[in-house]
Amino acid sequence: MEKETILESSEKATIKKPWLKYYTEEAITSPLPENTIYGYLYQNNRRNQNRVALNYFDRKITYQQLFYEIDKVTLALLVSGVKKGDIVTIAMPTTPEAIYLFYALNRIGAVSNMVDPRSSKAELEHYANEVGSKLLFTIDKAAPKFKDVIANTTVKEVVTISPADSLPLGLKLGYKAKNFFESTREERKEQKNKEFTNWQLFYERRYQYKGVLMHETTYEKNKPAVIVHTGGTTGEPKGVMLSDDNVNIAAFDCIQAGYDFKTEHNWLNIMPPFIAYGIGNGLHLPLICGMELILIPEFDPKEFDKLMNKYHPNHMTGVPSHYYSLISSKKMKKSDLSYVIAPTVGGDAMNLELERQVNKFLSDHNCSYKIVKGYGMTEVNAAVAACVSNECNKIGSVGIPFPHSIIGIFDPITMEELDYGEIGEVCIQTPNRMLGYYNNPEEEKEVVRQHKDGSTWVHSGDLGYMNEDGLIFIEGRMKNMIVRHDGFNLYPKRIENTILKHPAVKTCMVVGIDDLSHIQGKLPKAYVTLKENCLIPNIEGELKILCEKLLPEYSQPAEIEVRDSLPLTKLGKQDYHALEIEALTQQKDSLLLSTKKLQYTNEI
Numbered sequence: 002m003e004k005e006t007i008l009e010s011s012e013k014a015t016i017k018k019p020w021l022k023y024y025t026e027e028a029i030t031s032p033l034p035e036n037t038i039y040g041y042l043y044q045n046n047r048r049n050q051n052r053v054a055l056n057y058f059d060r061k062i063t064y065q066q067l068f069y070e071i072d073k074v075t076l077a078l079l080v081s082g083v084k085k086g087d088i089v090t091i092a093m094p095t096t097p098e099a100i101y102l103f104y105a106l107n108r109i110g111a112v113s114n115m116v117d118p119r120s121s122k123a124e125l126e127h128y129a130n131e132v133g134s135k136l137l138f139t140i141d142k143a144a145p146k147f148k149d150v151i152a153n154t155t156v157k158e159v160v161t162i163s164p165a166d167s168l169p170l171g172l173k174l175g176y177k178a179k180n181f182f183e184s185t186r187e188e189r190k191e192q193k194n195k196e197f198t199n200w201q202l203f204y205e206r207r208y209q210y211k212g213v214l215m216h217e218t219t220y221e222k223n224k225p226a227v228i229v230h231t232g233g234t235t236g237e238p239k240g241v242m243l244s245d246d247n248v249n250i251a252a253f254d255c256i257q258a259g260y261d262f263k264t265e266h267n268w269l270n271i272m273p274p275f276i277a278y279g280i281g282n283g284l285h286l287p288l289i290c291g292m293e294l295i296l297i298p299e300f301d302p303k304e305f306d307k308l309m310n311k312y313h314p315n316h317m318t319g320v321p322s323h324y325y326s327l328i329s330s331k332k333m334k335k336s337d338l339s340y341v342i343a344p345t346v347g348g349d350a351m352n353l354e355l356e357r358q359v360n361k362f363l364s365d366h367n368c369s370y371k372i373v374k375g376y377g378m379t380e381v382n383a384a385v386a387a388c389v390s391n392e393c394n395k396i397g398s399v400g401i402p403f404p405h406s407i408i409g410i411f412d413p414i415t416m417e418e419l420d421y422g423e424i425g426e427v428c429i430q431t432p433n434r435m436l437g438y439y440n441n442p443e444e445e446k447e448v449v450r451q452h453k454d455g456s457t458w459v460h461s462g463d464l465g466y467m468n469e470d471g472l473i474f475i476e477g478r479m480k481n482m483i484v485r486h487d488g489f490n491l492y493p494k495r496i497e498n499t500i501l502k503h504p505a506v507k508t509c510m511v512v513g514i515d516d517l518s519h520i521q522g523k524l525p526k527a528y529v530t531l532k533e534n535c536l537i538p539n540i541e542g543e544l545k546i547l548c549e550k551l552l553p554e555y556s557q558p559a560e561i562e563v564r565d566s567l568p569l570t571k572l573g574k575q576d577y578h579a580l581e582i583e584a585l586t587q588q589k590d591s592l593l594l595s596t597k598k599l600q601y602t603n604e605i
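Each residue of the sequence shown is one higher than the one before, starting from 2 at the first, in the working numbering.
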């Protein structure tokens, strides 16, 4: 990436805070909300009861109905023995029931342990035991995995929820008929296991509650409200404890940033509720704004175009691969996107070429906004920076810190703050900072660190720099950084962005492989996929020439390999960890084969 001319400045960015010029005085000085997650939702929508809150396959649930359903689920939880401080595991996609549970548990003062239902049996067992959950809610198709899990966990009861439970009647009947014939006899038997309860039976427990349920909830600072888990692509997943303040302030600061959020808008929710990005930006934010939230429990990027043309969403959040599917769709060629406001991408870095393509696509289809890139991490409850307007939305940048957050660039060794334009570790100060990792203080010390001046920062593990205007540019992960034998640091993102300039290249990932010519050090290897119908006989040669032309000699990829696909995590992010293991294994196998051939030749 070409960096701008760097101006001299006597003040460091964390003191000068150049990004504040993009905000109003009201946004900067606005008092932060002090409420429970449920209380904040109710407070903001007391006079908004007749508006649609949830749209689930065209079944529309008003805010009045939403609060009524949360009430009923709260009663059922209380009858089930859930009390303040209990941790209940929710392994669900985004269905109305998952939303009712999330807010109802918060209303009681219990904690939602949000888990990906696609997790393996071993992972599910770990997630339940880690927090001591006795009650677990899961989507019905994941229920068979709990047959062996229950015996090895603290879980006493599993409540299974069907995606059909909240469907309109016609769709519900069709789904249940199809599911009955498609499900195996063993799965149906599992549903009848004594430890299993279906949603309807759980839901009816509300009638057993004796007493009066009040809307007031008790707010406590620094009390865990929800646990989400890190992706685990660079190590074992960790439970991140988030408070009421973490979730509320993250949503509040997005609003204060100046986005055009209106009650009459709708929001396409395609991010799952078991990640911070899904809870904070995909779920809680649009609901506290009083918007209509369109629920997509199982998102297929290939269906993105249909959803856009059907619902005309004003807002949506997604990852880069979602937007590639959108701009590649033939159905979108003549679509008018003037209704789209702040189309947001996060969760993974968007390469420069795709960003340019998406911006052109949006402009050509009458959208007045560029793609809105954001930046954050699970440990700060998703986004703490974003391109809050076209004015501070520069190609390659993830925008500016939100009004109540501070971001600085520090030397990863000395922890001294660097000047504008210098690459270092991105560190964050924010009221969104997690309470900590659940029962894992040692790992927490690696991420939350105190600097020499006594200030505390969240260390992201990302490499980047900030310009004089406060715009942040991410260069890559520190752990993805490739260190050559001569000490030169190579940034995979720079090589990827160069290769992506070739018109035939669809995606590119660069990882380090061992430098076999030296005792230590690594070299970059590029893995490439091509766009459909692109058959170029010597594409590797063309890409090599492109790299030689645009990259310095020490950044040249040692190898370029064209493949049909590249590994992704469960959330659709590029899985560098998996690819690096694959590359090193492939290299060792190749070396072993060469050794055997040499031995055979010598024997002859």
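Worth flagging that the hints you see were computed from the coordinates, not collected in a lab. This one's a predicted model, so the numbers in the text were calculated from it and none came from an experiment. Among the hints, a few may not be true.
Think about it this way: if two alpha-carbon atoms lie no more than 30 Å apart in a straight line, the pair counts; the simulated DSSO-like pairs of lysine-lysine are [unchecked claim]:
#1 K142 with K395
#2 K211 with K146
#3 K507 with K550
#4 K523 with K502
#5 K361 with K263
#6 K480 with K395
#7 K73 with K22
#8 K332 with K550
Here are the computed distance ranges between Cβ atoms for each label pair [said to hold, decoys possible]:
#9 E196 with D59: 47 to 53 Å
#10 E304 with K571: 44 to 50 Å
#11 T219 with E196: 48 to 54 Å
#12 E299 with D565: 32 to 38 Å
#13 K211 with N51: 38 to 44 Å
#14 C535 with I396: 20 to 26 Å
#15 S339 with E27: 36 to 42 Å
#16 K211 with E299: 22 to 28 Å
#17 L551 with H366: 44 to 50 Å
Think of the CB as a built atom: it goes at the ideal place given N, C-alpha and C, for glycine as much as any other residue.
Cross-check of the supplied hints:
1. Proximity of K142 to K395 is assessed by CA-CA distance (about 43 Å); at most 30 Å being required, the pair is judged violated.
2. This hinted pair does not check out: K211 and K146 have alpha carbons roughly 35 Å apart, beyond 30 Å.
3. Between K507 and K550, the direct Cα distance comes to roughly 20 Å. Compliance with the 30 Å bound is thereby established for this hinted pair.
4. In summary, the hint linking K523 to K502 is supported, as the alpha carbons are separated by about 24 Å, within the 30 Å threshold.
5. As the CA atoms of K361 and K263 are separated by approximately 26 Å, the hinted pair is consistent with the 30 Å bound.
6. A C-alpha spacing of about 26 Å is found between K480 and K395, which places the hinted pair at or below 30 Å, so the restraint holds.
7. Using a Cα cut-off of 30 Å, the hinted pair K73 and K22 is violated, with the two alpha carbons roughly 46 Å apart.
8. For the hint linking K332 to K550, the alpha-carbon distance of about 37 Å lies beyond 30 Å, and the restraint is violated.
9. Between E196 and D59 the C-beta distance comes to about 35 Å, which lies outside the given range of 47 to 53 Å.
10. Here the CB-CB span from E304 to K571 is close to 18 Å, at odds with the stated 44 to 50 Å.
11. For the pair T219 and E196, the supplied restraint of 48 to 54 Å is violated, since their beta-carbon distance comes to about 32 Å.
12. At about 24 Å, the CB distance of E299 to D565 disagrees with the hint of 32 to 38 Å.
13. Separation of K211 from N51 is about 31 Å and departs from the stated range, judged on CB atoms against 38 to 44 Å.
14. Evaluation of the 20 to 26 Å hint for C535 and I396 yields a pass: the beta carbon distance comes to about 24 Å.
15. For the pair S339 and E27, the beta carbons lie near 29 Å from each other, so the given range of 36 to 42 Å is not met.
16. Our hint of 22 to 28 Å for K211 and E299 is violated, since their Cβ atoms are close to 39 Å apart.
17. For L551 and H366, the hinted distance range of 44 to 50 Å is not satisfied, since their beta carbons lie about 30 Å from each other.
Hints 1, 2, 7, 8, 9, 10, 11, 12, 13, 15, 16 and 17, counting from the list given before, are not met by this structure.
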